[in-house]
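*Asks:* Start from the sequences and build out the full structure, keeping to the hints where you can.
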Amino acid sequence: MDYAIETTDLTKCFGSLTAVNKLNLKVEKNTIHGFLGPNGAGKTTTIKILVGLLKPTEGSVKVLGQEVQVDDADSRLGIGYMSELPKFPKHLKGAELLDIYGRMYGMSQQQRAEQIPKLIDMVGLKGRENDLIGKYSKGMQQRIGIAQALLNSPELVILDEPSIGLDPVGMVDVRELVKTISKEGMTVFLSSHLLFEVEQICDHVTIINKGSVLASDTLQNVSGMISESPMIHVELVNLSDAVIAAVKSLTFVSGTWKTGNTLLIQVSTRDDVRAQVSKVVTGAGGVIVGMSQKASNLEDVFLQLITKDQGGKTQ
Amino acid sequence: MTKMQKTVRASPSWFTRFWAVVRYEMLWNIRKKKFIAALIIAFVLATVDLAVPAFLNVGQNPYFAATFSGGSFTFFLFGIVTAMNSISGEYESGTIVPLLAKPVSRTMVFFGKLFATFIVILVSYIVIFSYSTIGGLLVYGPQNSLYLVPLALVGDIISTFIWVAVVLAAGCISKSSLLALLTALGLFISLFLGVSVVAAFSGNAGVVGGLNYLPGAGASGTMNVTAGQSATIANVTVNTLTSVSSGTDSIGANMVKAVLFPNASVLFTHTNVLSNPIGPPTLLYTESISLIILRAIGVAFLYIAVFLLIAWYAFKRSQILE
Numbered sequence: 001m002d003y004a005i006e007t008t009d010l011t012k013c014f015g016s017l018t019a020v021n022k023l024n025l026k027v028e029k030n031t032i033h034g035f036l037g038p039n040g041a042g043k044t045t046t047i048k049i050l051v052g053l054l055k056p057t058e059g060s061v062k063v064l065g066q067e068v069q070v071d072d073a074d075s076r077l078g079i080g081y082m083s084e085l086p087k088f089p090k091h092l093k094g095a096e097l098l099d100i101y102g103r104m105y106g107m108s109q110q111q112r113a114e115q116i117p118k119l120i121d122m123v124g125l126k127g128r129e130n131d132l133i134g135k136y137s138k139g140m141q142q143r144i145g146i147a148q149a150l151l152n153s154p155e156l157v158i159l160d161e162p163s164i165g166l167d168p169v170g171m172v173d174v175r176e177l178v179k180t181i182s183k184e185g186m187t188v189f190l191s192s193h194l195l196f197e198v199e200q201i202c203d204h205v206t207i208i209n210k211g212s213v214l215a216s217d218t219l220q221n222v223s224g225m226i227s228e229s230p231m232i233h234v235e236l237v238n239l240s241d242a243v244i245a246a247v248k249s250l251t252f253v254s255g256t257w258k259t260g261n262t263l264l265i266q267v268s269t270r271d272d273v274r275a276q277v278s279k280v281v282t283g284a285g286g287v288i289v290g291m292s293q294k295a296s297n298l299e300d301v302f303l304q305l306i307t308k309d310q311g312g313k314t315q
Numbered sequence: 001m002t003k004m005q006k007t008v009r010a011s012p013s014w015f016t017r018f019w020a021v022v023r024y025e026m027l028w029n030i031r032k033k034k035f036i037a038a039l040i041i042a043f044v045l046a047t048v049d050l051a052v053p054a055f056l057n058v059g060q061n062p063y064f065a066a067t068f069s070g071g072s073f074t075f076f077l078f079g080i081v082t083a084m085n086s087i088s089g090e091y092e093s094g095t096i097v098p099l100l101a102k103p104v105s106r107t108m109v110f111f112g113k114l115f116a117t118f119i120v121i122l123v124s125y126i127v128i129f130s131y132s133t134i135g136g137l138l139v140y141g142p143q144n145s146l147y148l149v150p151l152a153l154v155g156d157i158i159s160t161f162i163w164v165a166v167v168l169a170a171g172c173i174s175k176s177s178l179l180a181l182l183t184a185l186g187l188f189i190s191l192f193l194g195v196s197v198v199a200a201f202s203g204n205a206g207v208v209g210g211l212n213y214l215p216g217a218g219a220s221g222t223m224n225v226t227a228g229q230s231a232t233i234a235n236v237t238v239n240t241l242t243s244v245s246s247g248t249d250s251i252g253a254n255m256v257k258a259v260l261f262p263n264a265s266v267l268f269t270h271t272n273v274l275s276n277p278i279g280p281p282t283l284l285y286t287e288s289i290s291l292i293i294l295r296a297i298g299v300a301f302l303y304i305a306v307f308l309l310i311a312w313y314a315f316k317r318s319q320i321l322e
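Residue numbers (the numbering used here), protein chains in the order written: chain V, 1 to 315; chain B, 1 to 322.
Worth flagging that the hints you see were computed from the coordinates, not collected in a lab.
Please read these numbers as outputs of a predicted model, since none were measured by experiment.
Quick reminder that beta carbons are idealized off the backbone N, C-alpha and C, glycines included.
Incorrect hints may appear among the rest.
[As the list claims (entries may be wrong)] Here are the computed distance ranges between Cβ atoms for each label pair:
1) V:N130 to B:V123: 22 to 32 Å
2) V:K118 to B:S11: 19 to 29 Å
3) V:T218 to B:S11: 33 to 43 Å
4) B:V273 to V:S16: 51 to 61 Å
*Replies:* Set out below in structure tokens:
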């Protein structure tokens, strides 16, 4: 398989500290891959090696099929990268920064003239592009950081904690943005502390701790690493026996409980089956007031794996 | 949300990327408050240079513009303000991370920044030299040998670049603009004091001559021009023309003197200031003006090359932990 990122026994030591320890990471192309781990797990160090900012102590790294070497400028042509809490020269204006970075990517004047206003609009900085970055808020710097990461329409976008510093609206915008760029054929490798964010936008997940991979698979498979089954809560105007019987007839339903006019349904699948449940409930004469599925338990998996890896103690 | 346009990925030329770094650095340099302050100081110094002889009623000086040159402090000042945080500032602010994540090599970034520094210093000096030339015309009347002005300017840039190289090396090693400044300032003050002490107290030709191999003023001497040449411009600025410092800070001024007096020699003497009464000057050694120029240029380029090599190597090898 052709991977966007492939590391083999990647190791990085700083003196006696091993920040990344024989990390084997595979990121499939055209996926949104979440990169999770507690503070100090080695996420940022790994990312810096991927973009050629740090030299690995051992192991190899391939990005977009090309071996990554420190200071190999051409290997970064197809990569867009935003660091955690990115800092940009305060003396430059937002549009100037994108223009200069665009030149570094070898974008023509016409390409820059077309791409930069679109990106500024996309990240919500329209009207502020001619302000000095020194006058930008933390959130605005984050937004210009996302814009510069997408400047060259990269094949691979690496985002290190893209939501840090953003307000709730900004966080939603980032999620939508990531989904959009993924639909346009870009591979997104996203490091985040926000598990709900990863659950909402990623289709693949890697969890690391102490520089090593604890789990790496599709979000569905990683979420299914612990046995707890998801529950669907259905609130009805009147909960009848006919409705309960119809729900029980569904093959994926492993149990039901009645609480007033609310029916709790345990399902044996991690697929979103709310539409099928809704269909049989209304077919049996039920009127649905509300329906929700218990959030995916990536957080539980994450905590369980990290706790186990740290000998039973959470951070 | 606007749909992004897929950019056709071109393979950018080395020059395109290099020039992008130059633009990046130049915009930084010309917007630095300390650069603007340095420019103001340079104008004040040039104005003093222009006005003081006029106040002293020196009279007409047709060689004012041709012999105008910056001094040690100007070279140090411009070297420091343009290069002090050129690379170390990127580490301190964290801007090094997005910069080096772009498809530009560290060598490209280093030399792009260096070239931008050169352009900024060149343009600043052109403005200052133009100001002194126009000022010379207005205050001292018609000026002779104006073709020598660019020669002094080139020499001054070489002198300035020693400090650019020193501060870049200190900044790349320490990743701290403050440490880079303190290192360069310490060296500047040490050289200034060291040269002054040696010049005042040493009567040893080897020790005095050794000053020429350090950055800075070097040894001080008096130019001995031939009778014919002396007659050409005598009674004009004889004092400033005949006083010669042989170090790297006087490359521009000495190149002008060498053109005006190609066959001149410089006498280096020592006066024993500790004796009572103060002893008469004794001749230590004599050198031709052309030898002084060639040696100063060679020493300057050697320091520039060594310090730039150290700076480049430190930058190239650095880990981006920011």
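*Asks:* For every hint, state whether the structure bears it out.
*Replies:* These are the hints, each one checked on the structure:
{"no.": "1", "hint": "V:N130 to B:V123: 22 to 32 Å", "result": "holds (25 Å)"}
{"no.": "2", "hint": "V:K118 to B:S11: 19 to 29 Å", "result": "holds (23 Å)"}
{"no.": "3", "hint": "V:T218 to B:S11: 33 to 43 Å", "result": "holds (35 Å)"}
{"no.": "4", "hint": "B:V273 to V:S16: 51 to 61 Å", "result": "holds (59 Å)"}
Checked against the numbered hints given earlier, this structure breaks none of them.
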